[in-house]
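Undergrad: Residue numbers (this note's numbering), protein chains in the order written: chain A, 246 to 828; chain B, 91 to 622.
Read the hints as simulated data drawn from the structure, not as lab findings. Be aware that a few hints might be false.
To be verified - Computed footprint of chain A on chain B, listed as stretches where at least three residues anywhere in the stretch have a Cβ under 8 Å from a Cβ of chain A:
id	stretch
1	141-152
2	167-175
3	197-205
4	309-322
5	332-346
6	359-367
7	487-498
Backbone N, C-alpha and C fix where the C-beta goes; we use that ideal spot for every residue, glycine too.
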Amino acid sequence: MSVDTVTTMTKLTRKPLEQEASERWLDDAAVPGRRDFASSGRLLVVEGALQVAQWAGLALVAQGALNADVVLCGWGVTLMLAGGLAAFAVKRAADHAALAGALAVAQGIRQRLIAALLPNRARRTTTEPAAAAHAVIELTDQVAEFHAAVIPLRRQAPASMVLILVVIGIVHWPAAIVLVVSTALIPLNMKLAGIFAQDGNDRHLLAIQRMSAVVLDSFRGLHTLVTLGAVGRRRDDIAKASAELTKANLDVLKRAFLSGAVMDTVVTFSVAVNATYIGLSLLHYVSVPGAPPLTLFAGLLALVLCPMYFTPLRRSAAAFHDRERAKSAALTLSVMMASDDEPSVEAPNAFESVAPAAHVGVALSGIVAEAEDNVIFTAGRLHAAPGGWTGITGVSGAGKTTLLSIIAGLRSATGSVAWVRDDLVGTDYFETPPVVGASAWIGQATVIIEDSLAANIRLGREDARDDEVLHAAQVAGLQPVIDRVGLEAVIGDSGWGISTGEARRVAIARAVLTQSQLWILDEPTSHLDAATERHVLQSLVAATEGCTVLVATHSRQVVELCDAIWRIDEGRVQVLAGPVATR
Amino acid sequence: MTALAHSRTTSDLHEKTRRKHASSTSPLALAGLALAVLAETGSLGLLGLSGWFIASSAVAGATLFSTFSYIAPSGGVRSFALLRIGASYGQRLVQHAAVLRTLGWIRLDFFTDAARTSSQRARPLRDGDVLDRALNDTETESMALISVISPLTVFVVTGAASVVVVALTSPIAAAILAAAGIALLLLAWLAALRKDRDEAADTARAATRAELVTAIDAWPELVSLGAAGRLAERSTGAVARLAAEQGRSSRSVINARATAGAITAVALGLMAATAVFGDHVGAPGIALILLLGTGMLGVASRAGEAFDALAAVRAARVRRLRMLTASTISAAAPLGISVQLGDCELAFDHYHLPEDEFRDGDRMLAGSVKQGSTLVVTGPSGSGKTTFLETLGAALGTAAVEVSVDDHLFTGTVASNLRLARPDADDDELVQIIQQLQLSSAGIQPSTVVGVGGRALSGGEQTRLRLGRAILARPRVLIADEPTAGLDERTALEVLHTMRERLPQSVLVLSLHSVDDRVRDALGDLAVLSLG
Chain A
246 MSVDTVTTMT KLTRKPLEQE ASERWLDDAA VPGRRDFASS GRLLVVEGAL
296 QVAQWAGLAL VAQGALNADV VLCGWGVTLM LAGGLAAFAV KRAADHAALA
346 GALAVAQGIR QRLIAALLPN RARRTTTEPA AAAHAVIELT DQVAEFHAAV
396 IPLRRQAPAS MVLILVVIGI VHWPAAIVLV VSTALIPLNM KLAGIFAQDG
446 NDRHLLAIQR MSAVVLDSFR GLHTLVTLGA VGRRRDDIAK ASAELTKANL
496 DVLKRAFLSG AVMDTVVTFS VAVNATYIGL SLLHYVSVPG APPLTLFAGL
546 LALVLCPMYF TPLRRSAAAF HDRERAKSAA LTLSVMMASD DEPSVEAPNA
596 FESVAPAAHV GVALSGIVAE AEDNVIFTAG RLHAAPGGWT GITGVSGAGK
646 TTLLSIIAGL RSATGSVAWV RDDLVGTDYF ETPPVVGASA WIGQATVIIE
696 DSLAANIRLG REDARDDEVL HAAQVAGLQP VIDRVGLEAV IGDSGWGIST
746 GEARRVAIAR AVLTQSQLWI LDEPTSHLDA ATERHVLQSL VAATEGCTVL
796 VATHSRQVVE LCDAIWRIDE GRVQVLAGPV ATR
Chain B
91 MTALAHSRTT SDLHEKTRRK HASSTSPLAL AGLALAVLAE TGSLGLLGLS
141 GWFIASSAVA GATLFSTFSY IAPSGGVRSF ALLRIGASYG QRLVQHAAVL
191 RTLGWIRLDF FTDAARTSSQ RARPLRDGDV LDRALNDTET ESMALISVIS
241 PLTVFVVTGA ASVVVVALTS PIAAAILAAA GIALLLLAWL AALRKDRDEA
291 ADTARAATRA ELVTAIDAWP ELVSLGAAGR LAERSTGAVA RLAAEQGRSS
341 RSVINARATA GAITAVALGL MAATAVFGDH VGAPGIALIL LLGTGMLGVA
391 SRAGEAFDAL AAVRAARVRR LRMLTASTIS AAAPLGISVQ LGDCELAFDH
441 YHLPEDEFRD GDRMLAGSVK QGSTLVVTGP SGSGKTTFLE TLGAALGTAA
491 VEVSVDDHLF TGTVASNLRL ARPDADDDEL VQIIQQLQLS SAGIQPSTVV
541 GVGGRALSGG EQTRLRLGRA ILARPRVLIA DEPTAGLDER TALEVLHTMR
591 ERLPQSVLVL SLHSVDDRVR DALGDLAVLS LG
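Kindly produce the complete structure, drawing on both the sequences and the hints.
TA: Written out as structure tokens, the structure is:
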């Protein structure tokens with residue numbers, strides 16, 4: 246629950262269209278849990294009925310005491326115990342059903358999220374790993390918890406409220422009329438309170454925004470304040486802004502609490518009015534024409550059912566914060582999944598037919614790479630020669646990985662990207678857009694699945710023969726691992742441990758098996774010490790014999806292997822004259 | 091060891107300031123607690139008295155000549171009703187007022203602490219997400235009054251009062267009620283404790299997070315092999331394990347809640363039985379005891395939730411304190427440069443240029459700059475200019491003022507930003523520096539609004555405003571990263587000239603793309619350090 250507007254204020258600027266779509270998304274997300282939620286709602290209705298029985302038992306005990314009827318008291322106590330215990334047992338079942346629904350909702354969202362984040366084709370957007378993990382774990386939970394809290398309640402509320410009205414109507418109908426009248430007053434009063442609160446919000450929103458800015462600014466600019474020696478002065482400003490912020494927030498809260506107060510007033514007065522009416526009826530001071538004669542049992546039961554009648558309404562009012570949180574989570578999640586819904590354009594896989602011996606070059610022109618409306622870099626005409634090593638350099642964040650992703654076809658960009666097949670004789674020249682899955686990519690992170698070394702290498706080509714796997718392993722420099730654990734022992738988390746350098750070699754072996762002619766390497770030697778780097782590079786050189794290699798790197802050792810260097814500098818890709826070819 | 095000791099002293103210090111603030115807000119907090127107790131008294135009283143009143147009326151109605159007067163009890167019912175409505179509105183308002191005030195204090199403390207630690211230590215706060223989380227934590231912490239203290243206080247006070255009232259009619263029922271209330275609270279406490287110590291759920295969460303991060307990083311490699319499905323499988327597996335773990339821990343919470351429900355039902359049944367069969371209580375007494383008992387056990391289960399909130403408050407507090415102390419360790423790392431700022435010159439030595447793709451790792455920088463002259467650092471982007479300037483600035487501490495694009499512009503006007511550096515600067519002075527930096531030709535005046543983070547100004551204007559602010563601070567050393575970026579040549583030369591002219595005695599350290607004769611004219615005496 247948030248009492249303060251500083252932290253939420255920054256998230257207020259949302260597009261109405263996106264918001265609408267995300268609300269629809271939020272409703273759709275509930276579908277997998279629908280059956281569980283429905284049964285949870287039904288069980289909650291049963292719980293309500295059992296609670297009515299419990300209260301009836303209580304009223305019976307009192308009636309028994311009045312009549313000095315021990316048997317009646319005994320029945321009353323029995324009903325209280327049985328009804329109460331059964332109610333909680335049913336509540337437990339209802340909660341378990343709601344939990345099952347929540348887990349189903351979460352699983353549904355997570356499956357779709359994972360499919361969107363790790364598709365088997367080009368990805369439209371890239372999501373920062375930590376943000377993605379946050380979405381899959383926390384945001385998903387928030388949506389699931391919200392549905393689990395609200396949907397069963399929505400199903401239960403009308404049934405439970407009608408049930409109680411009927412019971413009260415049967416025992417003494419004038420008391421039911423008091424409740425009906427009170428209920429009718431709620432929407433009217435809520436509306437009034439809402440208008441009042443909205444007015445307050447509008448008036449104070451600007452003030453709050455201004456003062457939140459002072460507080461946020463002060464933290465963001467802390468370094469500047471320290472260097473300028475202005476911390477003390479700023480502290481006074483914050484204190485002043487904080488005090489004003491408190492005042493503005495309280496003004497808003499004063500109005501916001503009104504809706505709670507309305508509910509309180511209605512509940513309280515329906516109890517008080519009923520209590521007084523029932524008391525006076527029992528004293529025979531008042532009587533409603535046509536009303537049945539009142540007993541203590543009926544009067545007490547009608548009284549205790551009053552607050553219970555309002556419970557579902559109060560619960561759904563309390564779910565307001567959950568709803569806000571779920572809505573904001575839904576906004577993030579629906580945007581993250583949006584790429585999942587768009588149909589993919591299958592590129593013609595012309596390279597399936599390409600003989601392994603063919604040479605492949607890469608031609609780019611007029612590339613504009615963008616991320617969230619910001620241009621990362623632009624590139625004019627670039628050509629990576631077949632059979633050569635092209636290095637891509639630039640500071641971290643310049644867009645090296647983005648450029649590689651565009652070349653591999655993993656990411657879309659404005660401009661043209663082509664793989665150029667050229668068999669050097671000139672008779673069979675053609676171009677194709679990048680084909681996902683037809684280049685060999687080696688990145689900074691290699692995933693080792695929990696299986697044998699051979700199975701890990703076979704990820705490159707499922708139908709590879711044993712001797713091909715062995716050959717690939719040897720080319721990649723995995724002989725020491727074969728000597729140590731063999732090709733068939735399980736490696737990975739629960740099996741034989743292998744080092745980062747060895748994992749990188751597994752990636753190389755996989756790439757060898759693909760027989761791809763285009764190798765795309767994203768800082769393949771980062772996180773390796775100098776000696777390991779040298780050995781891994783030797784293996785890479787051996788493995789890519791005759792292939793075209795594009796490699797993003799910060800490493801001097803790698804640059805020395807390259808025939809040409811593309812450098813991303815201040816948003817432009819520039820070709821540096823091919824240096825240092827000492828290979 | 092030292093880091094540990096440091097963290098202890100910081101938290102002690104915090105404890106002191108916090109206590110001071112707690113005591114300064116306590117009248118408001120106490121009033122909030124009193125109102126909460128009154129509101130609950132209204133609730134319990136309304137229910138109990140109503141039941142008693144109805145039952146008494148029934149007794150009196152059945153007797154021919156009764157002396158029962160309805161006036162006092164029905165007046166009591168109305169009073170409790172009004173008390174409940176008024177006090178619960180007042181309680182919400184007063185408690186929130188107290189919380190907001192505490193929040194203001196904690197935030198101010200946090201700011202002061204962050205400012206007191208060196209700039210490098212508070213650096214993570216510049217990241218929007220980290221700051222958001224930290225401010226959220228301060229909020230959770232300040233909510234303790236509403237989420238923890240109030241429910242527990244209400245339970246203790248109204249619970250004790252209920253037990254006393256019940257005891258007046260039936261001592262055995264009172265004993266049962268007291269036992270049940272305490273049992274509910276203990277149960278909640280144990281459940282919170284178990285949840286707090288339940289590492290399996292945390293472990294599953296962390297493992298899933300790690301798996302997802304790895305999978306997303308490794309995606310290009312495997313999708314190129316056509317094996318992205320295997321990756322998705324692994325992630326799905328991790329997520330399924332997480333769900334199983336979450337299901338297990340949620341189920342235990344549900345079962346604990348059901349146990350609490352069973353205790354409530356049994357206690358009420360036993361109270362009814364002992365009151366009727368043991369103490370032979372009449373109908374009004376029965377109605378009173380059972381309704382009061384129901385209400386009181388409801389208060390107890392709400393109070394139980396306070397233990398979960400307490401764990402959250404503690405965790406938030408630990409995170410906030412740790413955030414500024416844990417980074418001590420990284421700050422203890424050597425600065426990577428040795429610097430001496432004498433009366434007439436600035437000397438630096440032992441700065442290792444990091445290795446990159448065009449440079450070996452063994453190049454070391456050293457040099458000195460005389461007072462009143464300029465060191466210009468040149469080199470292509472990525473050659474380490476910014477890192478060098480930052481390291482130098484960090485080593486010089488408060489003797490230097492650094493200007494970079496990270497430098498924050500504060501929401502407000504040009505004048506309020508300039509006056510951060512010199513609060514006593516008069517309007518003429520501000521107009522003069524604005525003119526000298528060629529900002530007035532762009533229509534900028536002291537009263538010009540800069541927008542959030544200075545975004546109402548262009549990039550070049552932002553840079554010049556930062557420079558103006560730094561110049562007004564009259565530092566001994568002014569370090570500026572690319573002060574002429576985004577400026578046309580004439581303006582750039584004007585800006586360089588202004589810096590030199592306004593700070594004749596200072597050492598200027600500037601990074602520039604290149605140095606030509608006109609730059610030399612504008613800056614006067616200068617030395618060039620090329621990192622290319």
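Undergrad: If a hint holds in the structure, say so; if it doesn't, say that too.
TA: Taking the hints in turn, this is what the structure says about them:
Requiring three or more residues with a Cβ within less than 8 Å of a Cβ of chain A, the coverage given for the stretch 141-152 of chain B holds, as 11 such residues are present. Remark: the stretch 167-175 of chain B is confirmed as covered by chain A, as 6 of its residues place a Cβ nearer than 8 Å to a Cβ of that chain, reaching the required three. Restraint check on the stretch 197-205 of chain B versus chain A: 6 residues with Cβ-Cβ distances below 8 Å, three needed, restraint holds. Figure legend: the stretch 309-322 of chain B, annotated as covered by chain A; annotation consistent (14 residues with Cβ-Cβ distances under 8 Å, at least 3 required).
Against chain A, the stretch 332-346 of chain B contributes 8 residues with a C-beta closer than 8 Å to a partner C-beta. That satisfies the three-residue criterion, and the hint holds. Three residues within the 8 Å Cβ limit are the bar, and the stretch 359-367 of chain B against chain A gives 5, so the coverage statement holds. Chain A is given as covering the stretch 487-498 of chain B, and this holds because 7 residues of the stretch bring a CB closer than 8 Å to a CB of that chain, at least three being needed.
Checked against the numbered hints given earlier, this structure breaks none of them.
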